[in-house]
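Q: My request is simple: use the sequences and hints to build the entire structure.
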Amino acid sequence: MEKTIFQKIIDRELEADIVFENKNIIAFKDINAIAPVHILIVPKKYIDSINSLQSEDKEIIGEMFIVAKDLAKELKIDESGYRTVFNTNDDAGQTVYHIHLHLIGGRKLDWPPG
0 MEKTIFQKII DRELEADIVF ENKNIIAFKD INAIAPVHIL IVPKKYIDSI
50 NSLQSEDKEI IGEMFIVAKD LAKELKIDES GYRTVFNTND DAGQTVYHIH
100 LHLIGGRKLD WPPG
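In numbering that gives the first Met the number 0, the protein residues as written are 0 to 113.
Since the hints were made in silico from the structure, they are not lab data. Here the structure is a predicted model, which means the values were calculated and not measured. Note that the Cβ used here is the ideal one computed from N, Cα and C, for glycine as well. Just so you know, not all the hints are guaranteed correct.
[Unchecked claim] Across the chosen pairs, the derived CB separations fall in these ranges:
{"id": "1", "residue 1": "K22", "residue 2": "D109", "range": "14 to 24 Å"}
{"id": "2", "residue 1": "W110", "residue 2": "M0", "range": "35 to 45 Å"}
{"id": "3", "residue 1": "E1", "residue 2": "T87", "range": "17 to 27 Å"}
{"id": "4", "residue 1": "L13", "residue 2": "D47", "range": "15 to 25 Å"}
{"id": "5", "residue 1": "R106", "residue 2": "E55", "range": "33 to 43 Å"}
A: Following this line, the structure appears as structure tokens:
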């Protein structure tokens with residue numbers, strides 16, 4: 000199987016503007032940002048979509064949200080507000096098949112999206 004762009008970033012084969020990393024998670028600025036703050040929070044474990052999640056993945060998913068909360072505070076969007084989004088499959092706009100949580104903020108966000 001060919002590596003995803005996110006796996007290449009994790010493996011340091013591609014550059015990214017990394018804002019957080021630990022043994023389980025990497026987070027970096029989205030190169031196609033839709034808001035002043037648009038961070039992608041990616042587990043280092045490869046999981047292609049939410050549909051592929053297993054029971055043992057619940058800790059990594061929880062950790063992704065803790066990272067999102069901490070980054071929102073660090074980036075000073077925690078009080079004004081932010082959105083967290085997982086896209087699953089084509090109709091939802093998933094373009095990289097390695098799960099990732101979007102942290103979006105820094106401006107007023109419309110609802111409903113897209």
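Q: The structure should be examined with respect to each hint, and the outcome stated for every one.
A: To see whether the hints hold, each was checked on the structure:
One distance hint, 14 to 24 Å for the beta-carbon pair K22 and D109, is violated here, with the actual separation near 36 Å. Here the CB-CB span from W110 to M0 is close to 37 Å, well matched to the stated 35 to 45 Å. The given range of 17 to 27 Å is respected by E1 and T87, whose C-beta atoms sit roughly 21 Å from each other. The given range of 15 to 25 Å is respected by L13 and D47, whose C-beta atoms sit roughly 19 Å from each other.
Between R106 and E55 the Cβ separation comes to about 37 Å, which falls inside the hinted range of 33 to 43 Å.
Of the numbered hints listed earlier, the single one contradicted by the structure is hint 1.
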